[in-house]
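Construct the complete structure from the given sequences, taking the supplied hints into account.
Residue numbers 1 to 400, in our numbering, belong to the letters of the sequence shown in order.
Hints are computed from structural coordinates only; laboratory data are not their basis. Small disclaimer: the values here were computed from a predicted structure and weren't measured. This list has only true hints and no planted wrong ones.
The list that follows gives simulated cross-link-like pairs (lysine-lysine, DSSO-like), each with its CA atoms no further than 27 Å apart:
id, residue 1, residue 2
1, Lys186, Lys171
2, Lys13, Lys130
3, Lys314, Lys61
4, Lys156, Lys186
5, Lys275, Lys131
Derived Cβ-Cβ restraints for the label pairs, each shown as a range:
id, residue 1, residue 2, range
6, Asp255, Asp213, 22 to 28 Å
7, Arg326, Ser384, 31 to 37 Å
8, Asp255, Met33, 44 to 50 Å
9, Met215, Val137, 26 to 32 Å
10, Glu266, Met33, 35 to 41 Å
11, Thr359, Leu190, 21 to 27 Å
12, Leu167, Thr286, 22 to 28 Å
13, Pro386, Arg58, 39 to 45 Å
14, Asp23, Leu167, 54 to 60 Å
15, Leu391, Ile160, 45 to 51 Å
16, Arg29, Leu167, 46 to 52 Å
All C-beta atoms in this analysis are idealised placements derived from N, C-alpha and C, irrespective of residue type, glycine included.
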Amino acid sequence: IYFLDRLHNPRTKRGLLTRIDHDSVPHLRKLVMAARQAVDVFFTQLLEEYGKNDRVLRFYKPPVLDNGVYVPLEALREALKSMEGGLHSEEDRVDVSSAAERCFEFNNALSAILNQHMRGYVYWLEITPKKRFHRIVLRGVPIHVAEELHAQVFDKIDRITMTSATLTTSKGFEFIKERIGYQPDKELSLEAPFDYARQALLYVPDDLPEPGDEMGIYVEGISNRCRELIVASGGKTFILFTSYALLNKVYERLDELQFPLIRQGEMPTVQMIRKFKEKPSVIFGTNSFWQGVDIPGDALQSVIITKLPFDVPKEPLTEARIEELRRQHIDPFRHYQIPRAIIQLKQGFGRLIRKKTDTGVVSILDSRMRRRGYGKQFIASLPSCPVTTHLDEVRDFFIS
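Shown next as structure tokens:
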């Protein structure tokens with residue numbers, strides 16, 4: 001709908017077809033309206049077939065849906081291409097050509113998802129209820145990106161430099177090399193420029209309920225420990241979650257704290273960060289706060305990670321990759337799920353120390369770090385710093 005509005009928005013009377021002066025514009029506006037109606041009918045059909053509740057549904061076989069979008073979009077594409085040659089402005093020709101290409105891409109993508117003719121892909125539907133509408137997304141994604149990367153990048157470029165603070169696990173670059181199907185001529189892993197032994201403390205308690213325990217007991221245990229850590233640090237805390245469900249449960253149990261509580265989703269991220277810097281506060285964040293958020297200085301001194309960031313096994317792409325590894329008689333947990341979670345955990349850890357004068361504590365409130373054999377892999381992959389299971393040592397760190 002947004003793309004069609006860019007061509008012609010009947011409500012605001014704006015769009016590309018309002019700007020262009022050409023005899024075929026009235027006809028094109030009718031084609032845009034026909035395409036809009038077809039899109040509305042198609043997605044209404046989706047909701048009737050699969051429900052209006054919040055859900056992610058994998059298509060294991062092609063869905064039985066009538067693709068009424070193809071014909072009107074193709075008619076619009078042909079009309080745009082026909083008009084393109086008669087335009088005098090180079091800018092208009094470029095914009096019209098781009099719009100015609102978008103019609104082609106939309107039709108191709110929708111046909112690919114409905115027909116499932118691309119081998120090695122996984123397909124799914126996402127439905128998210130909003131206040132005034134439903135957000136509906138159809139996805140078709142390659143299970144492995146190596147072939148695409150070779151075709152689009154590696155085979156076309158002579159020299160490539162790949163850099164990141166989180167490319168390695170405890171086994172070096174092996175996981176990322178396997179995922180992208182590339183063996184570089186040279187590889188180099190450098191230590192971070194920070195003195196983590198002095199600047200940071202890692203707190204990994206072993207006395208908390210595990211994620212698989214009874215939900216009420218688990219949430220209460222995590223919430224109480226978050227409260228103690230927030231008081232110890234005087235606010236100045238990020239609490240990172242792997243789901244909105246747990247975020248909301250913990251948030252509700254901590255609303256009596258004296259510090260401002262800032263919950264992701266209640267305001268734009270930029271506004272959240274601005275408010276966080278104004279006074280000692282607590283941010284409750286999910287995926288986007290695990291990476292890309294940079295708050296150097298005293299405003300952030302504590303990062304609490306509530307749960308090891310394993311991908312949800314029933315999430316369509318994760319499920320498809322697990323199935324593929326099992327077909328190859330490879331243990332998906334050891335070779336895929338653990339390395340993925342390690343990289344995500346390193347990104348969360350990296351929110352804390354952003355410059356050489358920063359100090360603080362990273363707390364991982366997942367007792368599996370201590371009780372499961374794989375916990376050692378997670379700790380070995382993190383920057384080398386003191387590790388404790390004792391809350392008193394955390395309090396002492398903040399006081400010192």
